[in-house]
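Quick note, the sequences are listed as chains A and B, same order.
Here the UniProt record's numbering is used: position 34 in the first sequence is 34, and no number is missing along the way.
Here the UniProt record's numbering is used: position 168 in the second sequence is 168, and no number is missing along the way.
These are calculated hints, taken from the structure and not from any lab test.
Hints should not be assumed to be uniformly reliable.
Said to hold, decoys possible - Simulated DEER-style distance windows between Cβ atoms:
1. B:Asp66 x A:Gly15: 24 to 34 Å
2. A:Asp215 x B:Glu35: 51 to 61 Å
3. B:Asp66 x A:Glu179: 29 to 39 Å
4. A:Pro30 x B:Val117: 38 to 48 Å
5. A:Glu152 x B:Asp66: 23 to 33 Å
6. A:Thr289 x B:Phe178: 24 to 34 Å
7. A:Glu152 x B:Thr284: 52 to 62 Å
8. B:Arg36 x A:Pro30: 47 to 57 Å
9. A:Glu188 x B:Asp23: 28 to 38 Å
10. B:Ala177 x A:Pro30: 53 to 63 Å
11. B:Val117 x A:Glu217: 17 to 27 Å
12. B:Gln16 x A:Glu152: 27 to 37 Å
13. B:Asp23 x A:Leu31: 38 to 48 Å
14. A:Lys261 x B:Arg36: 45 to 55 Å
Stated by the list, open to error - Residues from chain A that face chain B, not an exhaustive set, calculated with beta carbons under 10 Å:
15. Asn4
16. Tyr74
17. Lys139
18. Lys167
19. Ala177
20. Thr243
21. Ser246
22. Met312
23. Glu315
24. Gln319
Unchecked claim - Below, simulated EDC-like cross-link-like pairs (lysine to aspartate or glutamate); rule was C-alpha separation at most 16 Å, straight line:
25. A:Lys167 x B:Glu35
26. B:Lys167 x A:Glu35
27. A:Lys261 x A:Asp146
28. B:Lys321 x B:Asp213
Note that the Cβ used here is the ideal one computed from N, Cα and C, for glycine as well.
Next come the chains, spelled out residue by residue.
There are 2 protein chains.
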Amino acid sequence: MTQNATEKRVLAAIGQRRELVNDAIDIDLPLAEPERLYEASRYILEAGGKRLRPTAALLVGEALADVEASGADYRAFPTVTGGEVDLMAAAVSIEVIQSFTLIHDDIMDDDDLRRGVQSVHNEYDTSTAILAGDTLYSKAFEIMADVGGNPENTLEAMRLLSSTCTKICEGQSLDVAFESRDDLTPEEYLDMVERKTAVLYGAAAAIPAVLLDADDEVVDAMYSYGVESGKAFQIQDDVLDLTVPSEDLGKQRGSDLVENKETLITLHARQQGVDVDGLLDESTVETVTEAEIDAAVSKLEAVGSIDYAREMAEELTAQSKDRLDVLPDNEASDLLADLADYLISRGY
Amino acid sequence: MTQNATEKRVLAAIGQRRELVNDAIDIDLPLAEPERLYEASRYILEAGGKRLRPTAALLVGEALADVEASGADYRAFPTVTGGEVDLMAAAVSIEVIQSFTLIHDDIMDDDDLRRGVQSVHNEYDTSTAILAGDTLYSKAFEIMADVGGNPENTLEAMRLLSSTCTKICEGQSLDVAFESRDDLTPEEYLDMVERKTAVLYGAAAAIPAVLLDADDEVVDAMYSYGVESGKAFQIQDDVLDLTVPSEDLGKQRGSDLVENKETLITLHARQQGVDVDGLLDESTVETVTEAEIDAAVSKLEAVGSIDYAREMAEELTAQSKDRLDVLPDNEASDLLADLADYLISRGY
């Protein structure tokens, strides 16, 4: 298929599953009492989001169980060894964890906006935002505990979910600590990205395999698929910030550079002797010109830093797609390959 | 036994298990990397604490499995249906959850001190404190996932742990919301206390019964034992604040009243028509005199509010001790009764 047809197909697949996931969120995370707490907990979930992680989870389930994403029975996936398991609940649990991390990260980074609306601590207050995140945290485990099927598999899924959450906290802690480091290496940065972002993709892809009683080999391959494509996604984010025109990005191109945000690209350039801090020294997002950004990008291109990051994202994506060889050959496994491509090709 | 001998016995039992719990915390929650995150996560745990919830958990385990608190094999409790389960890990998990709630509550209440040291957000910073709490949260689930034994029981324990955490968040949310309410009833207050504090005692007592494969009747009785004695503990706290001399309390007697903290006592008094807000209107903790507090306490006594709270604490304690009838008659079950008494008799 052409790039365009592939993207159309994956967008349709994401859109179809997003609707199903949104319906399931309303059922699995109802507006309980105290209402203000649950409103705050659901605020970011209701504000939107592509549901990429739940989509990945559902596609792994569809590929392994060979079922289609439609109808009322979508929640009951047949396991390899007989019985049924509610993979939609597992997908919701992953999205609920993602939402908890966004709420707490926004407090730590003092970010005002999220998904086009106020961050929870802005819309409510910091105490409510802390508690909303904490509530989503335990709700995610409650939801995962009730997927049905073999208790041993559910326990393993919860073990994976909890160790993933620990890694996310470690990654966020490193991210905060890195702000005051001037000797950071690309390897350290990649380790941080893996923990902070990629492991939740890994869990999203691996947990359905665990719950469906798949072999360890399949579980491990799905985890690697998720981690690698999740890492590629983050790295490509840094590339796109420098290479996509501002009007397509929906924000100033090069804003990471203007705001002195360290990325894989700047860390590589430093190693090549580039004075990264001097690239856009006097600029702000409001005052910087396209010509200044072009000049900065040229310097980064000249030492191969942009290619370095782009190639790493492409390599990780190729690796992640190879992991899919353990899956049956069906539409869902094809879509997982498309999804990996989409993660590094998308606009903003 | 006399009151004094009982207290001596229960303090010795708590002290003995505290040492074992502290050793287990060091093993189950090691100082990992990033070190600053794990230091912050362990900071409140290392600052002390009586380990009352783990002690209750271990005593339920000892009572049901008929084992003694000693030796290297203490971690391997025999289950009713054969096999072994690490109840010490379950006890540590409960304490780790307790510690997470303290760290986040201190941020929300902007409390400077905890267990005689700085609160985590004061000693480190708010971001680190949020993350430290989040890390303990997932660590608690990781630790609980690895207790061994029957996976169905472990899953049930994790289900109970997660629903308990949700209730704790709800309780804390109510507590914050109640600060701006002037029409609070004693029933609403008791509901808040149950969720915010007592359910974790319930989980601490019930989870060992779940893990040891005990009958539902025993599990339910242990949960009620924990919730009722935990509620009694909180109610008695409010009584002691008014009735124990300042030198024994280690802080100004009546400080709740001076600081306009609503308690079961003040809510009862309001229903009796007492102008609670006028009791110590102009005072601060620094300026209030013993005579002023005596006068306020007299007014609360005159309408029966202190007796109301004291009797409720005693009734709940008596109820909680009746729950222990389902346990075998051994030293550990006797100690659980003593523990319930201790919770409402202790000094500060």
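Worksheet item: Regarding the pair B:Lys167 and A:Glu35, is the alpha-carbon distance no greater than 16 Å?
Response: holds, 13 Å
Item to complete: May I ask you to test the interface hint for A:Asn4 with respect to chain B, counting a Cβ-Cβ separation under 10 Å as satisfied?
Response: Hint on A:Asn4: violated, closest Cβ of chain B at ~41 Å, above 10 Å.
Discussion item. Does A:Asp146 sit within 16 Å of A:Lys261, going by the straight-line distance between their CA atoms?
Written reply: Outside the cut-off at roughly 41 Å; violated.
Worksheet item: Measuring from the C-beta of A:Thr243 to each C-beta in chain B, is the shortest one below 10 Å?
Response: Cβ of A:Thr243 sits 31 Å from chain B, so the hint is violated.
Discussion item. Against the range 53 to 63 Å, how does the distance between the Cβ atoms of B:Ala177 and A:Pro30 compare: consistent or not?
Written reply: violated, 19 Å
Worksheet item: Taking 29 to 39 Å as the hint, is the beta-carbon distance of B:Asp66 and A:Glu179 inside that range?
Response: violated, 55 Å
Practice prompt. Just tell me: holds or violated, for the beta carbon distance of A:Thr289 and B:Phe178 against 24 to 34 Å?
Written response: violated, 55 Å
Fill in: Restraint outcome when A:Gln319 is required to lie within 10 Å of chain B by C-beta distance
violated, 26 Å
Discussion item. Interface hint check: A:Ala177, Cβ to nearest Cβ on chain B, cutoff 10 Å. Holds or violated?
Written reply: Holds: closest Cβ of chain B sits about 6 Å from A:Ala177, inside 10 Å.
Worksheet item: Taking the CB of A:Lys261 and the CB of B:Arg36, does the distance hold inside 45 to 55 Å?
Response: violated, 21 Å
Item to complete: With chain B as the partner, please determine if A:Tyr74 meets the hint condition of a C-beta pair closer than 10 Å.
Response: A:Tyr74 check fails; min Cβ-Cβ to chain B is 24 Å, beyond 10 Å.
Fill in: Range hint compliance [Cβ, A:Glu152 to B:Asp66, 23 to 33 Å]
holds, 28 Å
Of the numbered hints listed earlier, those contradicted by the structure are 1, 2, 3, 6, 8, 10, 11, 14, 15, 16, 20, 21, 22, 23, 24, 27 and 28.
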